[in-house]
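Whenever a hint applies, use it, and build me the whole structure from the sequences.
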Amino acid sequence: MIELSLLLGFPAAGALVAAFFGAGRRGPELNALCSLATLLAACALTVRVIGHGQVLLAHEQFFVDPFNVFLVALTAFVGFTTALFSRPYMRTEVVHGRVTAGRLRLYHAMYQLFMLTMLLALTTNNMGLLWVAMEAATLSTVLLVTLYRTPQSLEAGWKYFILCGVGIAQALFGTILLYFAAERVLGAEGVTALLWTHLDAVKGELEPAVIALAFVFLLVGYGTKAGLVPLHSWLPDAHAEGPTPISAVLSGLLLNVAIYAVVRCKVLVEGSLHSPVPGRMLMGFGLLSLVAAAFFLWRQRDIKRLFAYSSIEHMGIITFAFGLGGPVASFAALLHMTVHSLTKSAIFFVVGHAAQKCGTPLMDGIRGLVTVSPTIGWGLMLGALAILGLPPFGVFASEFLIVTTAMRDEPWTAPILLVALGIAFAAIFGRVQPMVFGETSARRLPHAPALLPVFVHLAIVLVLGLYVPPYLADWYRAAARLVGGP
Amino acid sequence: MSLVAFKPLELLTQLIEILVALAVAPLLTGWVNQCRAWLANRRAPSLWLPYDNIRKLFEKEAVLAAGASPLFRVAPYIVFATMVLAAGIIPSMGTRLPLVAAADAIALVGLFATARVFLSLAAMDVGTAFGTLGARREMMVGFLAEPALLMVIFVASLISATTALPAIAEHLATQSLGLYPSLAFTAVAFTLVLLAENARIPVDNPATHLELTMIHEAMLLEYSARHLALMEWASHLRLFNYACIGFALFIPWGVATGTVGPLALAFAVPVLAAKLVLAGAGLALIETVSAKLRVMRAPEFLATAFLFAVLGLLVHVLLRA
Amino acid sequence: MLTAPLDLQLLNACAALLLLLSFAMLSQRRIVSLVNLLIVQGAVLTCATLLLAWRTGQSHLYVSAALTLGLKVVFLPWLLHRLIRRLEVYWDTEPLLNVSGTMLVGILTVVFAFALAQPITQLAATTMRSGIGIAIAVVLLAFLMMITRRKAMSQVVGFLSMENGLFFGAMSATYGMPMVVELGIALDVLVAVLVLGVFFFQIREQFDSLDLHHLESLRERQ
Numbered sequence: 001m002i003e004l005s006l007l008l009g010f011p012a013a014g015a016l017v018a019a020f021f022g023a024g025r026r027g028p029e030l031n032a033l034c035s036l037a038t039l040l041a042a043c044a045l046t047v048r049v050i051g052h053g054q055v056l057l058a059h060e061q062f063f064v065d066p067f068n069v070f071l072v073a074l075t076a077f078v079g080f081t082t083a084l085f086s087r088p089y090m091r092t093e094v095v096h097g098r099v100t101a102g103r104l105r106l107y108h109a110m111y112q113l114f115m116l117t118m119l120l121a122l123t124t125n126n127m128g129l130l131w132v133a134m135e136a137a138t139l140s141t142v143l144l145v146t147l148y149r150t151p152q153s154l155e156a157g158w159k160y161f162i163l164c165g166v167g168i169a170q171a172l173f174g175t176i177l178l179y180f181a182a183e184r185v186l187g188a189e190g191v192t193a194l195l196w197t198h199l200d201a202v203k204g205e206l207e208p209a210v211i212a213l214a215f216v217f218l219l220v221g222y223g224t225k226a227g228l229v230p231l232h233s234w235l236p237d238a239h240a241e242g243p244t245p246i247s248a249v250l251s252g253l254l255l256n257v258a259i260y261a262v263v264r265c266k267v268l269v270e271g272s273l274h275s276p277v278p279g280r281m282l283m284g285f286g287l288l289s290l291v292a293a294a295f296f297l298w299r300q301r302d303i304k305r306l307f308a309y310s311s312i313e314h315m316g317i318i319t320f321a322f323g324l325g326g327p328v329a330s331f332a333a334l335l336h337m338t339v340h341s342l343t344k345s346a347i348f349f350v351v352g353h354a355a356q357k358c359g360t361p362l363m364d365g366i367r368g369l370v371t372v373s374p375t376i377g378w379g380l381m382l383g384a385l386a387i388l389g390l391p392p393f394g395v396f397a398s399e400f401l402i403v404t405t406a407m408r409d410e411p412w413t414a415p416i417l418l419v420a421l422g423i424a425f426a427a428i429f430g431r432v433q434p435m436v437f438g439e440t441s442a443r444r445l446p447h448a449p450a451l452l453p454v455f456v457h458l459a460i461v462l463v464l465g466l467y468v469p470p471y472l473a474d475w476y477r478a479a480a481r482l483v484g485g486p
Numbered sequence: 001m002s003l004v005a006f007k008p009l010e011l012l013t014q015l016i017e018i019l020v021a022l023a024v025a026p027l028l029t030g031w032v033n034q035c036r037a038w039l040a041n042r043r044a045p046s047l048w049l050p051y052d053n054i055r056k057l058f059e060k061e062a063v064l065a066a067g068a069s070p071l072f073r074v075a076p077y078i079v080f081a082t083m084v085l086a087a088g089i090i091p092s093m094g095t096r097l098p099l100v101a102a103a104d105a106i107a108l109v110g111l112f113a114t115a116r117v118f119l120s121l122a123a124m125d126v127g128t129a130f131g132t133l134g135a136r137r138e139m140m141v142g143f144l145a146e147p148a149l150l151m152v153i154f155v156a157s158l159i160s161a162t163t164a165l166p167a168i169a170e171h172l173a174t175q176s177l178g179l180y181p182s183l184a185f186t187a188v189a190f191t192l193v194l195l196a197e198n199a200r201i202p203v204d205n206p207a208t209h210l211e212l213t214m215i216h217e218a219m220l221l222e223y224s225a226r227h228l229a230l231m232e233w234a235s236h237l238r239l240f241n242y243a244c245i246g247f248a249l250f251i252p253w254g255v256a257t258g259t260v261g262p263l264a265l266a267f268a269v270p271v272l273a274a275k276l277v278l279a280g281a282g283l284a285l286i287e288t289v290s291a292k293l294r295v296m297r298a299p300e301f302l303a304t305a306f307l308f309a310v311l312g313l314l315v316h317v318l319l320r321a
Numbered sequence: 001m002l003t004a005p006l007d008l009q010l011l012n013a014c015a016a017l018l019l020l021l022s023f024a025m026l027s028q029r030r031i032v033s034l035v036n037l038l039i040v041q042g043a044v045l046t047c048a049t050l051l052l053a054w055r056t057g058q059s060h061l062y063v064s065a066a067l068t069l070g071l072k073v074v075f076l077p078w079l080l081h082r083l084i085r086r087l088e089v090y091w092d093t094e095p096l097l098n099v100s101g102t103m104l105v106g107i108l109t110v111v112f113a114f115a116l117a118q119p120i121t122q123l124a125a126t127t128m129r130s131g132i133g134i135a136i137a138v139v140l141l142a143f144l145m146m147i148t149r150r151k152a153m154s155q156v157v158g159f160l161s162m163e164n165g166l167f168f169g170a171m172s173a174t175y176g177m178p179m180v181v182e183l184g185i186a187l188d189v190l191v192a193v194l195v196l197g198v199f200f201f202q203i204r205e206q207f208d209s210l211d212l213h214h215l216e217s218l219r220e221r222q
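Residue numbers (the working numbering), protein chains in the order written: chain F, 1 to 486; chain P, 1 to 321; chain H, 1 to 222.
Rather than coming from a laboratory, the hints here were simulated on the basis of the structure.
It is possible that some hints are incorrect.
Stretch by stretch, here's where chain F covers chain H in the computed footprint (C-beta under 8 Å, at least three residues) [as the list claims (entries may be wrong)]: (1) 61 to 74; (2) 134 to 147; (3) 160 to 172; (4) 200 to 208.
Pulled a few chain F residues facing chain H out of the computed Cβ check, cut under 8 Å [what the hints assert, rightly or not]: (5) Glu29; (6) Ala44; (7) Asn126; (8) Leu139; (9) Val142; (10) Gly157; (11) Leu163; (12) Tyr179; (13) Glu183; (14) Val185; (15) Gly187; (16) Leu194; (17) Gly204.
Where is the CB? At the ideal position from N, CA and C, for every residue including glycine.
Here it is as structure tokens:
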């Protein structure tokens, strides 16, 4: 209980403190410190859950099991490293004049608030509160996307707000329908009808017609937040126009939380319907996202948009894997969630500094990074190779597992997967290569870039690709069992 | 259903009903003008002015254009006849009269359509610019008003499970009092259609002769003497008929539903008069507070009417209310 | 047609009014009138909640009604009116589709919504189960309004109308959600409008207008 209160309390306190002191000289340090405290609380919670199994806390309002605790740990970790990265990055942005000190205060406060809402969404047991937290996460980042106040960022922020708002409203309707179905079985006294643990226990008795309709709305709603095609049009703009630390957490963390919400619902729906339709829907959306994103990658000229589409692609892969179901595919999906978060945030870190150095986010303007700053250049190269699924990085392991499972269970999808992955590989690698090598026009940065997080992330991904520690593997397997079913 | 099957008493009652309708219709128009004048703080012309107009017109000599075809000469009689027939069909005073039982609401709409067609053809017959203009506009309004009217009748017949107007009236008369949103919406739709079909503000100004704004008046420009008198009387009758359809659909209490006879009418006629007084005042109020729409906005107006009728239908289907 | 008791008739009348208000919002061109229609919608919702609370005796519905009154009838419209005055955005005269076309599509949407609501209506055990179809219709009409409008303010009104529809749906199907969830949703809506307020000023500062036509420049060429 104490770990959970600390986990949620630190970001809340951090947001308050940042609202007053975030513009000061030490604002970024405060931010990083708060994130470190959150990370420590998350580790404590993880140790507790791994040791004692799943926990129900605060009158069953919070539920932490192996599935969401690893996401909590991941969120806290990437939140911390991003806060570290944002220290020199935002200071450089202030020097370049793109952000004022007052806006920095807003930035820090919203950043902590965003962490709080994501952690709340991950740990709550109440499906209604899950919805509230998801909407709050969107709201806390809208003003961050428009931080630079350029026309493009305003447009991106508006699209983000409206499209995600409308999508989330569909999810609310799905939640209402879920409550409606649950009420018939569990009764309406108190809030038990919306608690996931209770719903999970009675999922076989929930009315199939209503649950099917609810799932459609929930999938459309939370799928919009996860960036599934065709509900994705807000994603490239929002991820590309905000400050890079925000792109990193949006791509790396918020998409995971949205997929988490979809999977929680899918578990309930499969238990109620006893049909492969929910899985197939997820597979369909996943494949569509993967293929569409792979093609869209070719048309990108802005480096952050390129990697935003790459996020859509990987979310498609994860959704597809969750749709396949079964222990292996679910394990692979969870592993993929982890490595994608780490790799994508690392890429965004590097990309952010590269864009700052060259003064433009357009790929045509970024050249020869390795000559002026070997760490940034090689960081980008390695990151791109990692996200493209080259062995021995972790992404290769998870993609390999997913493709082999697909070949075994749904053979017709395997060629589509491979072709799409190949197209994405060619598109990204073809763009990254000239950026890293060649003549350069980059300049020095006023503050030394924070590249330690990048290499830490990539190192973890490498390790996971080579050797998954047994306790981690058990952890994933337990989570996969919860998600994928027997 | 031949007329000889009815008793002479019933036929007499029917005749009395038609004569009452003929007599009262111009009075209704006079009353509406009176109310409008009161609301506009003017002195009104006499209530009996429409009668005077008709009488004067009958005394004059008819003048026809050189190129007028027989259609032009016959049209006023046909229009007048359809209006009289409609007055006989609508259960304004009783529901068991012979003609009333003869036709259903859709046939009634067909009668009105016939009148409109002949009016428009006659207007175009002489070949003047105003006539054609008026005929085109009238057809546009009518083309959109008819579906709205049909939808109104459709909703009413859904509620009563029949399209025979007397049956609808009787069904509603026997309902207990209550809030029926679907009927409320349909009533609004019907009012809008009434305003459009009878050339009232906001669709058309019955007193104007400006080219920019005329619809109904434009079609009557070529007529004179007895032809014009018949046309004028027919438009008074048309307003009366529409009002009575409205009463039958929405406030049918007071209509004689039992055995037929002149005595039964004796109670129905004052009730009808009271309803007409209120309806006329209401119409004058609507005309006073509305501005006339531009002609190209008339389709939007009628689309609103259609929408209200459809809403009434949907609300009835969903809420059973 | 059996005559239902008076409160049920009033509830049906409220539901019918909600539908009518959604259509009225679809055709309205003055933004001030749009916000006023939103106020009326909130008031009708409050009445319906109170009637339902009185009829079923569930006390948490009284709290719900108070929340709706405070937020959707008083505070949010006041906020929106203030925004309209300060931003001086009064008209929204260029919809994507003309009024008659929008109305026709609206009718088709309502029919679709009613069809969608059929299975739920049959299963529901609440008094107002026929209101579920109306709730879905209101949500879809608000969505239609959002996609056919150009001014940002109209889209916000559409968004809030959608929330109203969802609230009514929750009430009809399940006598409202658990209190904590409702409070959370209310908080979200409030924060959303506040964020939007800030956002509008940013947009206006940049573009000198709240016409969304200016916000369409980001395309795939980048």
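Are any of the numbered hints broken by this structure? If so, which, sorted upward? 1, 5, 6, 11, 14, 15, 17
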